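K.L.:
Take these sequences, add in the hints, and give me the full structure.
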Amino acid sequence: MELRQLRYFVKVCELRSMGRAAVELGVVTSALSQQISRLESELSTRLLQRASTGVTPTDAGVAFLHQAQLTLRHADDAIRAAQQARLSGHVSVGLAPTTASVLGVPLMQAMRERYPDVRLHLVESLSGHLGKMLEARQLDLAVLFQTDTPRRWSVSPLLDEKLYVIASRTLPKRPAGAKVRLSQLAGVPLILPSAGHGLRATLTAAFARARIEPTIVAEIDGLALLMDAVLAGQGATIQPGAATARHPTQDVHLSQITDAHVGRRNLLVSLSDDELSPAALAARVVMTDTARTLVREGRWAGASLLEN
Numbered sequence: 118m119e120l121r122q123l124r125y126f127v128k129v130c131e132l133r134s135m136g137r138a139a140v141e142l143g144v145v146t147s148a149l150s151q152q153i154s155r156l157e158s159e160l161s162t163r164l165l166q167r168a169s170t171g172v173t174p175t176d177a178g179v180a181f182l183h184q185a186q187l188t189l190r191h192a193d194d195a196i197r198a199a200q201q202a203r204l205s206g207h208v209s210v211g212l213a214p215t216t217a218s219v220l221g222v223p224l225m226q227a228m229r230e231r232y233p234d235v236r237l238h239l240v241e242s243l244s245g246h247l248g249k250m251l252e253a254r255q256l257d258l259a260v261l262f263q264t265d266t267p268r269r270w271s272v273s274p275l276l277d278e279k280l281y282v283i284a285s286r287t288l289p290k291r292p293a294g295a296k297v298r299l300s301q302l303a304g305v306p307l308i309l310p311s312a313g314h315g316l317r318a319t320l321t322a323a324f325a326r327a328r329i330e331p332t333i334v335a336e337i338d339g340l341a342l343l344m345d346a347v348l349a350g351q352g353a354t355i356q357p358g359a360a361t362a363r364h365p366t367q368d369v370h371l372s373q374i375t376d377a378h379v380g381r382r383n384l385l386v387s388l389s390d391d392e393l394s395p396a397a398l399a400a401r402v403v404m405t406d407t408a409r410t411l412v413r414e415g416r417w418a419g420a421s422l423l424e425n
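Per my numbering, the sequence shown starts with residue 118, numbered consecutively.
It is worth saying that the hints were derived from the structure and are not from the lab.
In this text the structure is predicted, and so the values were computed from the model without any measurement.
Any given hint could be a false lead.
[Claimed, not checked] Okay, the calculated beta carbon distance ranges per label pair:
{"no.": "1", "residue 1": "137", "residue 2": "303", "range": "45 to 53 Å"}
{"no.": "2", "residue 1": "312", "residue 2": "191", "range": "15 to 23 Å"}
{"no.": "3", "residue 1": "325", "residue 2": "169", "range": "24 to 32 Å"}
{"no.": "4", "residue 1": "255", "residue 2": "339", "range": "15 to 23 Å"}
[Unchecked claim] List of simulated lysine to aspartate or glutamate pairs, EDC-like, C-alpha gap at most 16 Å:
{"no.": "5", "residue 1": "128", "residue 2": "141"}
{"no.": "6", "residue 1": "279", "residue 2": "390"}
{"no.": "7", "residue 1": "296", "residue 2": "376"}
Note that CB positions come from ideal geometry on N, CA and C, so glycine has one too.
P.N.:
Right under this line is the structure:
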């Protein structure tokens, strides 16, 4: 039995609706229903009576509800007690440029609010370099895009990002619609990261599957310079929506790439739990919560949450 299941059950009982509870909890209805069913299976009893008009707790459900509410109050008290103990220390976090443009400042704000005595060190660099820094113990945590990580690392899927063709509205050969397939990009001048970049490897494989030879007019590894070149009309690029976080959307046109399996998965990677300090363990939770909040509030363009 998990606290998450208790919170789900209590919320469903409060709202008398799976659908409304799912919206408030930020999960899909099927996942919520599955967790409730698991809880009922573990207790070997029916907790909810389901009907077309909604759900109501059974007699067993009412009895369980009172104890679940008490348990959650105790858990919340324990969380507050731990947070008020003024956790201190130092934690180093690595973010790729596109990730940093969306997550960086909100993460700083969240850490200041929850753990004001923890000193946060943020490093912005390419995903491959961040992986090497993590391996060298120069970072505690990082958001990476590659899955070939050492076994001793802790890896948690964080979110998926759609990829977009991003171009100045003045670029003559840019895609005109809101969606585009890679096969429609033949002849479009592209500015892409170099071959050592993880995103470039993803795009190279995707173009090969689409049997398209892209027209690459320049290679730029820095996000700021790449976007400057795009805004200057030197070519289009292919990036996640987060690449536009620091630029007014009216300056560029975005076309979502609809080809299957063309996207980017964000992984929250850290040293193993026994190697992490209490401050780093706390920061990992804050990073997850902050990223999920940004996605749910529509502040992370093109991102979708992954069900645990």
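K.L.:
Against the structure shown, which of the earlier numbered hints fail to hold, in ascending order?
P.N.:
Numbers 2, 3 and 6, in rising order.
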